[in-house]
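Chemist: Let chain F serve as the given structure and place chains H and X on it in line with the hints.
Protein chains in written order, with numbering that gives the first Met the number 0: chain F, 0 to 520; chain H, 0 to 320; chain X, 0 to 385.
No lab work stands behind these hints, which were simulated from the structure alone.
Even glycine gets a Cβ: it sits at the ideal position worked out from N, Cα and C.
One-sided and incomplete, this derived list gives chain X residues near chain F with beta-carbon spacing under 7 Å:
| no. | residue |
| --- | --- |
| 1 | R221 |
| 2 | T222 |
| 3 | R223 |
| 4 | Y226 |
| 5 | A230 |
| 6 | H233 |
| 7 | S234 |
| 8 | T236 |
| 9 | G237 |
| 10 | R239 |
| 11 | Y240 |
| 12 | A241 |
| 13 | G242 |
Cβ-Cβ distance ranges computed for the label pairs, FRET-style:
| no. | chain 1 | residue 1 | chain 2 | residue 2 | range |
| --- | --- | --- | --- | --- | --- |
| 14 | H | F302 | F | G466 | 52 to 58 Å |
| 15 | X | R163 | H | T131 | 42 to 48 Å |
| 16 | X | L277 | H | F302 | 28 to 34 Å |
| 17 | F | T232 | X | F355 | 35 to 41 Å |
| 18 | X | R221 | F | E505 | 51 to 57 Å |
| 19 | F | G20 | X | R353 | 21 to 27 Å |
| 20 | H | W171 | F | S150 | 24 to 30 Å |
| 21 | X | L277 | H | I282 | 19 to 25 Å |
| 22 | H | T84 | X | F210 | 39 to 45 Å |
| 23 | F | A502 | X | F355 | 53 to 59 Å |
| 24 | F | D146 | X | I18 | 53 to 59 Å |
| 25 | X | R353 | H | W253 | 45 to 51 Å |
| 26 | X | D34 | H | T281 | 52 to 58 Å |
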Amino acid sequence: MSADDPAERQETAVPAIELKGISKAFGPVQANRDISIRVMPGTIHGIIGENGAGKSTLMSILYGFYKADRGEIFINGRKTDIPDSQAAIAAGIGMVFQHFKLVETFTVLENVILGAEDGRLLKPSLAKARRLLKELAAEYELNVDPDAVISDIGVGMQQRVEILKALYRQADILILDEPTGVLTPSEADQLFRILHRLKDEGKTIVLITHKLREIMEATDTVSVMRRGEMTATVRTAETSPEHLAELMVGRKVLLRVDKAPVRAGRTVLEVENLRVIDEEGVERIRGIDLKVRAGEIVGLAGVAGNGQSELLEVLGGMRAATGLVRLNGEALALSGPGSDGQARRAAGIAHVPEDRQREGLIMEFHAWENVGFGYHRDPAYRRGAVFMNNAALRADTEAKIAQYDIRPANCWLTARNFSGGNQQKIVVAREMERNPDLLLVGQPTRGVDIGAIEFIHKQIVALRDAGKAVLLVSVELEEILGLSDRIAVMFDGRIMGERLPGATDEKELGLLMAGMAREAA
Amino acid sequence: MDFVTLIQVLDSTVRMATPLLLACLAGLFSERAGIFDIGLEGKMLAAAFFSAAVAAITGNVWLGLLAGVGASLLLSGLHGLASITFRGNQLISGVAINFLAAGMTVLIAQDWFEQGGRTPSLTGPGRFPPITLPFAESLAGVPVLGPVYSELISGHPVLVYVAFLAVPASWWILFRTRFGLRLRAVGENPAAVDTAGVSVVALRYGAVAICGLLCGIAGAYLATALQAGFVKDMTAGRGFIALAALIFAKWRPWHAMWACLLFGFLQAVALRYQNIDVGGFTIPVQAMDALPYVLTVLILAGFVGRAIPPRAGGEPYVKER
Amino acid sequence: MDRMPQWADVVLIPLISLILAAILSALVILGIGEDPVAAVRMMVNGAVGSTYGWGYTLYYATNFMFTGLAVAVAFHARLFNIGGEGQAMLGGLGVALVCLHVPWPHWSVALVAAAISAAAFGAAWAAIPAWLQARRGSHIVITTIMFNYIAAAVLNYMLVTALRPRGSMDPATARFPEAVHLPTFQQIFSSAGQPLFRGAPANISFFVAVFACIAVWALIWRTRLGYEIRAYGHSETGARYAGISPFRITMIAMLISGGLAGMMAINNVMGEAERLVLNATEGAGFIGIAVALMGRSHPFGVFLAAILFGFLYQGGAELALWTNIPRELIVVIQALVILFTGALDNMVRMPLERLFQAIGRKRRDAGEGAPKPGPRSAQHEPEPEP
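For reference, chain F alone in the conformation it holds in the complex (with noise of 0.2 Å):
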């Protein structure tokens, strides 16, 4: 840290950022409720909560995208009404959102000027940005091919041009929401170098993260969000990760999930040299082998975009590969007829897709219809050659209710209408229910409230219990390291080694997880 003491200017400063008394609901969801946070100069403020905490709400809100219902905002001490993003960048904020703002189509210049052009005309505007470029890339390390096309530079270089969007329209306060979710460990490290940076340079840093290690790593002051309130705010020098925990959920939490030892039977799935090439021409899997075993939970690990998605997508039937994958012995197809979602169902795999509003469910449907999802062409929900059993159906969707505790028990709402972690119960009530021999699970808990969180992770325990084999894709470390029984980490379309979770902490999965220390293995 620097030798002036941000701890110390806390106390005397004006707050580059004041909240006060925010609230904003999303029809009956209220995702801020009465918040209020000061955030110093010069320092790097973490923002952490759970996902669905409101954390994105909120610094939204700070960047004119949403409007709260109630509150304030004081930036510099002075009174600061953001209608829209052109106040908020008036008033010296710059946001790097996780889904980058870039248009694909044009180069890093282009995107850099656009909306701060000096003029009607392009010319000199370009001129000039390509100058200013020059400096600030000597000035804080953020090297950028100016004339690159943004869809032809890698994600972290993009991350950087939206840093340098901001710095071109001379923000004093950069607020980065989950900026490290795309980025390798090691490119996450170069950001934070970035990061302290700027903040050297007197720039404030607002970090939105759901990750504890970035909180302790990175940050001066750390608040934490819960359920739509601001729960804390503490110097992150004076907290421990257990403690933030605590705060973030409101209660103690397992870290580990209860289960008996691992007795892993025969082979179930075996997966030999695959390789994907997807829509782009571009290699996602790059020649894979990997065995999941009868009662084990396998879980791979990797930073997303590393070939995890494509390897469930395969599996499920979901995409075209080539190599080998038997399950039971057995050789699936891996293209062409009987590759699809509804061959690999018929050879006992089950699937918990990673997006679940996206693939799993179909949103405008009934939940009753949504139990049949993938299974419809069941001879249990068939009626002669051509219909359905709606009523078998929906008898079986009124058990799944009751067995899985979904709520509200009522078969007749679409999906849209049930919360996050009711709509993933769906799901899972779905696939446990086939009793697959393999079940494939990505991102079992992603925008899942605590409690359903540990409904669907002893669901997962027990049919591993159970005898069957379950391969588990996350991003989050914590629930790989607490579900399975066997770590593989993927990077960059391989499978950079196999670990025990016994004998094996984050950070040498993170080291794994950043294509590094093969060799250590």
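Modeler: What follows is chains H and X alone, placed relative to chain F:
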């Protein structure tokens, strides 16, 4: 085909290509900003009627042009309201506008003129006269270049020159100005424009208004320059051919001009020759009529180069984190 | 989002849209110096005031049921088929070929054959845009529009060359033989003493259209194929997850859609004109868009909307006959209906949603005190199956 005939066909090509080109550039601005517009046809038709009607009543073709552009802008505003403000389906809105124009023009024409849904024939100052460019007559005698200049380039109504000058103007606006940069950005990723502090709504309305303006000129040209008055459904699918040309041109102004000239040439040939003999094999006139549409389908299918539309095209913008 | 009860979505929104379209149409009639009340009276008299009027209304409605169902089925798969017009034209070709070139013993056999042929031709014409969409990613809206024009050119060519009888100047086929003439309502319902539907073109194919409505309802809401079509229409990624082939659904939905549009020809070509003429479809393919939007893509809604448009068409013809209001008034009304039920849907929907939310909040506040955060479904009642 001798030289004189060739010049005549090309001359006719220019005249047929002009409304296509104006409508095509209109669509270019709209679609580059992410607003699909299959209502080009309707806007042109409305403009054709109102320009002819006002020109017939006042005897002033410029007032007619103004009225035509006004009518087209009004329909553009409706399309904007539906697709920008109320985030409706842009395709359905376009379909509605086409029918609205088809019905209203005849309805009003019948009410005003009682000539079975047409306007009286325009004469004299009610039409755009051909313009003779400088030296056209004195150079006419020069072999080859003379007739090309005096017959092909000179002697068109002013709107023809407007249309062809609109090509470099559009290119310059789109690729050399701030407005153009933002307009292209809003068609590719409106969120980027929004977070950069620029109003997506204002930009898109701006683009839709330019579209209306150009469609208005196209319609006015049809009724007051190419022909002498309005008749029912006189656009005859030109709005859709312009759309086809736009796809053919992959949303680029210069390419749009060549595409429109090609389709204009097809129309000119179909107009002049009923059936064409090619080495004993007769190409029926219907095949010539269908050719622009067949070409478009082939282009869309990616058999003749891939056409990738602006990425945010057709999607209403909803703020999302 | 389900912020409103479903009945409001199904009944209230189309109704309000219709009223808005009606008010604007009335203003248009006022604007051209006619009396809207008198106009409506004349339309009602002309369209439903006699069995003759009904005979025309139902004849038009038959066309619109076929084309409306065609658009609706495609809508369920989130495909916008603007090509109903061209598919119906080709359907006419199918009917003409079957009726002219096969010596049918009885109209009933001919009807079945003609219906199959019409559907096959219409489906084939829809299959190309469908294939291009599914395999090459060509936008189906643009390709179906293009195929309308191509269909017109094809038909034009066929009628002036191959199908035109020797010596005839008219671009039309010969008259169909007596044996394939379909029974009209006049023949079906008239008794010796009481002639009904005299001279009106409504014929037996009306019942085929009604049957088609029922069949489409069963298909969409009761069969596995319908389930897959709806699932694909709501979410393509979801369909892939469930093992529903996007290619297969796109093709099947468009084949059914094109087939339905093509089947319209048994009404207008076989039932009414009894020969194939140029522009036999008279824009019915496009009216299908308005009918499907208005009917919320539900076969029963399509049935009602088709009858409404049949009424408008016949009423409009009467107006054109007796007043200074041209037939194009119908096109305006059609445009307004498409505008309000399709493009400006949100304009009607947003205030209604707010209204229902306010009502919901009030009811909840009264019931259990302050609103709580959490699943936002608590205020919903069970909904009936659509």
